[in-house]
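> Now for the letters of each chain:
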Amino acid sequence: MSRPGAGRVPLPLAVPAALAVAFLVLPLVGLLVRAPWSSLGEQLTAPGVGQALRLSLLSATAATAVSLVLGVPLAWVLARSRIRGRTVLRALVTVPLVLPPVVGGVALFLVLGRQGIVGSWLEDAFGITVPFTTAAVVVAQTFVAMPFLVVSVEGALRAADARFEDVAATLGADRWTTFRRVTLPLVAPGVAAGAVLCWARALGEFGATITFAGNFPGTTQTMPTAVYLALQSEPEAAVVLSLVLLAVSLATLLLLRDRWLGRATP
Amino acid sequence: MTLSAQMAVQRGSLALDVAVEVADGEVLAVLGPNGAGKSTLLRVLAGLLPADAGRVAVDGTTWDDDGVHLPPHRRPLGMVFQDALLFPHLSVAENVAFGLRTRGHGRTAARAAADGWLARVGLDGLGGRRPAELSGGQAQRAALARALVGDPALLLLDEPLSALDARTRLTVRAELRRHLAEFAGSTVLVTHDPVDAMALADRVVVVEEGRVVQTGTPTDVGRRPRTDYVARLVGVSLLPGVGEGRTVQLDDGGEVAVAEEVTGPVFAAVRPESVALFLARPVGSPRNVWPLRLAGAVPHGTTVRCELAGAVPLVADVTATAFAELGLAPGSEVWAAVKASEVAVYAR
Chain A
1 MSRPGAGRVP
11 LPLAVPAALA
21 VAFLVLPLVG
31 LLVRAPWSSL
41 GEQLTAPGVG
51 QALRLSLLSA
61 TAATAVSLVL
71 GVPLAWVLAR
81 SRIRGRTVLR
91 ALVTVPLVLP
101 PVVGGVALFL
111 VLGRQGIVGS
121 WLEDAFGITV
131 PFTTAAVVVA
141 QTFVAMPFLV
151 VSVEGALRAA
161 DARFEDVAAT
171 LGADRWTTFR
181 RVTLPLVAPG
191 VAAGAVLCWA
201 RALGEFGATI
211 TFAGNFPGTT
221 QTMPTAVYLA
231 LQSEPEAAVV
241 LSLVLLAVSL
251 ATLLLLRDRW
261 LGRATP
Chain B
267 MTLSAQMAVQ
277 RGSLALDVAV
287 EVADGEVLAV
297 LGPNGAGKST
307 LLRVLAGLLP
317 ADAGRVAVDG
327 TTWDDDGVHL
337 PPHRRPLGMV
347 FQDALLFPHL
357 SVAENVAFGL
367 RTRGHGRTAA
377 RAAADGWLAR
387 VGLDGLGGRR
397 PAELSGGQAQ
407 RAALARALVG
417 DPALLLLDEP
427 LSALDARTRL
437 TVRAELRRHL
447 AEFAGSTVLV
457 THDPVDAMAL
467 ADRVVVVEEG
477 RVVQTGTPTD
487 VGRRPRTDYV
497 ARLVGVSLLP
507 GVGEGRTVQL
517 DDGGEVAVAE
527 EVTGPVFAAV
537 RPESVALFLA
547 RPVGSPRNVW
557 PLRLAGAVPH
567 GTTVRCELAG
577 AVPLVADVTA
587 TAFAELGLAP
597 GSEVWAAVKA
607 SEVAVYAR
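One line per chain: the protein sequences are A and B, in this order. For the first sequence, position 43 matches number 43 in our numbering, and the numbering has no gaps at all. Here our numbering = 1-based position in the second sequence + 266.
For the record, the hints were derived by calculation from the structure and aren't laboratory data. In this text the structure is predicted, and so the values were computed from the model without any measurement. Worth double-checking, as some hints may not be accurate.
Rough simulated footprint, nothing fancy, chain A against chain B, three-plus residues with beta-carbon under 8 Å [claimed, not checked]: (1) 335 to 343; (2) 361 to 374.
With beta-carbon atoms standing in for the labels, derived distance ranges [to be verified]: (3) 176/A x 300/B: 45 to 51 Å; (4) 398/B x 175/A: 23 to 29 Å; (5) 318/B x 89/A: 26 to 32 Å; (6) 318/B x 175/A: 20 to 26 Å.
Built from N, CA and C at the ideal position, the CB exists for glycine as well.
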């Protein structure tokens, strides 16, 4: 297995690598060290914290649900259909992956805000205002997180054997039946991984949320925006909230690791 | 005729232009080398690939024509692929019942029909398994049950045996032969294995580079090949020439004595077991004696298949003992003798 000397790392690589590890891990250690462990239970049950946690979980789950309903079909179109301009379409829908979230928030505001193209129409026709509501939180999180799901599911679809879809067609299944009964079950692990990734991204969403939905406790204040606010007034609460988010992130990572490595190795 | 098809398809460098007709209960084998367009032909029949031009009709119903394209899921057909391709997320019984469910049969009825077919293909009691738990032969049997359960008008078999190991292939081939005999619809079998074609088909169509080069019964194609590809497949030496009385003047030089009077362009075909080899020129009856050179030799069953080069290129089968006694090595000079009555001769 190991070549002689395979374990030895040259010094010019070892030093920067060690520094990188320290840089990535130390802040997390700092978080754990500075955590007010004695008053943790008290802090966690403080009304503001519970509220933000509940809203975060709810909105991230709703954003994931919306992403699944819209994103899986989009991934199918990108992977299977032969429509023109597919490459351009793929580039467009993955822009939110690299776009600074705050820019996304501003863009959403321009479209869905009271003066926005869609927003003004929504208000005139239905009396609905989106910005600074819980719905706005879900919209902002979906905008930022859905591309993760789309990219993950599209990859799974491309890797899946399309011949199974031919078989289904020869067995009397139209394309929708084939999608439901063959394609979707085949790519289920990819969809699940994409959904977890999407949920984690939605849970951590900050920039687009605070720009488009604001930071109102009870309606639009999620964990990340609560952390930001708390840091200015009560740093201990910020640390506690951060700990919760860290725990959720680690859990997500473990879940994905299990799925990915468990499925990838026969 | 229940299947009547004629198609032209351009795919990359392949220009497929063929016509096939298959009667009720008939099995047509499409034999050809890789890339000849056999699978393309099946995909067009299944509706998975639209033809550039042509017509497909089954039982008088038009499936493909100018401006007509019945989508694959509306065609009453069954298809078996080389790798079985059972849906991995469904049980074996659910796989077999799949076609009935999509065509509107109730769950219980579909399940009962699936169990019946699993029993018919010898997979009784394995319906609850996952496809991954089946052997290659069992998976291919299940795939056959899945294709036949809906009682299709047309059965398409795409290299159904080539993914199986030699022993399993033998058993599954025999079973497949029995099921095909019981099947009332038309069958198109695509294969590059002449044994499959000989064992399973009523009629053989040989396709090379997108064109039909020979049609006939399996025996006819095996005895009287018309192209080098078929001749090599069935192990016959094919010698094109011109008949002059009881001799054939070969196009590449050389001369073959035959048993009947022939005139005009003909093929002379020599089976490898008809060729006898000698170290010295044999004396006596054979009218065809040629000095040749051994170009190569490979074991072939209990015999050694010898490739002979010279004025009359031949393939000869000699027993391993005889081969050893002759002391032949590549490059050896050898005399080959063939009786005139052993040479098949037929018009080109």
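> Output the indices of the hints that this structure fails to meet, ascending.
Hint check: 3 fails alone, others pass.
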